[in-house]
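**Student:** In order, the protein sequence lines correspond to chains A and B.
Residue numbering for the first sequence follows my numbering, beginning at 1 and increasing consecutively.
Residue numbering for the second sequence follows my numbering, beginning at 1 and increasing consecutively.
Just so you know, these hints were derived from the structure itself, not from any lab.
Okay, derived cross-link-like pairs now, DMTMM-like style, lysine to aspartate or glutamate, Cα gap no bigger than 25 Å in a straight line: (1) A/K97 to B/E39; (2) A/K125 to B/E39; (3) A/K97 to B/E36; (4) A/K165 to A/D273; (5) A/K97 to B/D117; (6) A/K125 to B/D117; (7) A/K97 to B/D109.
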Amino acid sequence: MACIETRGLRKAFGKTTALDGLNLKVEEGRILGLIGPNGAGKTTALNAMLGLIPYEGELRVLGRDPWSERDQLMRDVSFIADVAVLPRWMRVSQALKYLAGVHPRFERAKAEAFLAKTNIAHDSKVRELSKGMVTQLHLALIMAIDARLLVLDEPTLGLDILFRKQFYDSLLNDYFDRSRTIVVATHQVDEIQDVLTDLMFINHGRIVFQCSMEEFESRYLEMTVNPEKAAAARELKPIHERQVFGRSVMLFDRVDRQQLAAYGDVRTPSIADLFVAVMGDQAGVAQGAA
Amino acid sequence: MNTQANATTQTGIQSQAIAPAAMSGSRLFYWSVRRELWENRWIYLAPLAIGGLFLFGFLITAFHLPARMRAAMALDPMQRYDVIAQPYDIAGGLMMATMILIGVFYCLDALYGERRDRSILFWKSLPVSDVTTVLAKASIPLVILPLLAFAVAVVVQGITLLVSSAVLLASGVSAAPLWTQLSLPHMSLLLLYHLITVHTLAPAPLYAWLLLVSAWARRAPFLWAVLPPVAVGALEKLIFNTNYFALAVAQRFTGGGTDAVTHGDSFPTHPMTHLTPGIFLSSPGLWIGLAITAVFLAGAIRLRRYRGPI
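When you get a sec, could you build the whole thing from the sequences and use the hints?
**Tutor:** Here's what the structure looks like:
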């Protein structure tokens, strides 16, 4: 059974179409990066999966319909929306007690062990904590839940680089165990490049690109082209070209590394490079159509 | 470090083995109510503070007590009761007023505040249904507050009685009339009956209305709660030149016009009060009100499902 499966998922807010027939399938044990520009429909897609909004089309998360079975689903799904949703009046100790009270898979000792590594005191209120500490607290709570699916929507928004790094390190080292599934939507693409197993670009409520990271690494190559060989390199049909310090940087899909090496310095591109290439195309198509 | 990690894994395996698939409904409800009391500590602090304030006021005027007692003994028995019972009635009345005020302000914010501060996304990330959440919130004005008001009133009245007796004894006046005229257990039962009937069951649709508006409003829930009833009342006045609606709403809030007791002129804990629960429970007004309560609460549950952060 797929962890998440959607067929023709649609959602409109008034006249704005947020999801335009989304078809996706996430198998268990994957870490999927959902990447798209602002307003692409990422948060809407995640909200639909979490049972926060009604939708049209088919959607199954862990075999359940999120909208009608949200509370049962949340026994197996954890979710960090963004940094500011923990209730500000709550004390750390109250959060621990409450979760132990309502969540069948919450293990308080785990959360406390994680908190012990931070500067967060048990009697602090959330409003007294810094932004980074609130995220640490939320992460401590989430990591103590033995969930099958973790959904992260811009989990590190507004945090400094140290916290962001720590966040994903903890997630990978202390949480992810190959049986869990993680879906993360973020703009900070490059930070999660090493974390992901799968990649999905979304725009205008549709999936415009998807592949596994293995595929990504074997298919795509980026090359800084020696100026005199630029014209020859273009013969190999790069999918994208940009100028950096007067030199051409080209992105190739399924072109042999050996073959490319003759024209310049070849390396594996970052997700951001591919994103720009794919989304740039999208924009071009949209303009061409108009 | 290593042993600690081992210990954690071990407890992890054990607790996984015994972890229930789901928490029982009553347990989820209990923790939902507890979280309301954590967030809104004034639900219990305000009655305690008002009770304390009353006792403080009573203590600093306690030196009047012997003189009042002597004057009361000269009156006929009915008036004598009224004079003796006055502080106890004030304590009871204060608790009723406190309870209504807390209930109104609590309900207006209950489903609005969590959307405004976005914490609804946290609550909804947990396996607690909208039904449980809304019913837990409704239980604050409909169960918790009446019981709290009752408990605080009884304690305050008890302390008042003991202090009065001590003051009277110290000044050489007999405290016996206090104990013969006032029966604290009887007063308490009457107070409890009054709180449940007049201040809980009768105004239940009003609290449910406030919760509904709280779940619906994108801003200014107070205005949305107040303006529509005012508009309905004004329209009725304009078109029919009557004010049944306004009267009905006001009576539900203040407790006037219910038929929970005969002898309606005196304070509800007066010993001559005759309870008529049969008439109260068989009045269509009560059941219409409770039906409206159910509809409003169902609406609030539905709205909470649809509404996200604002």
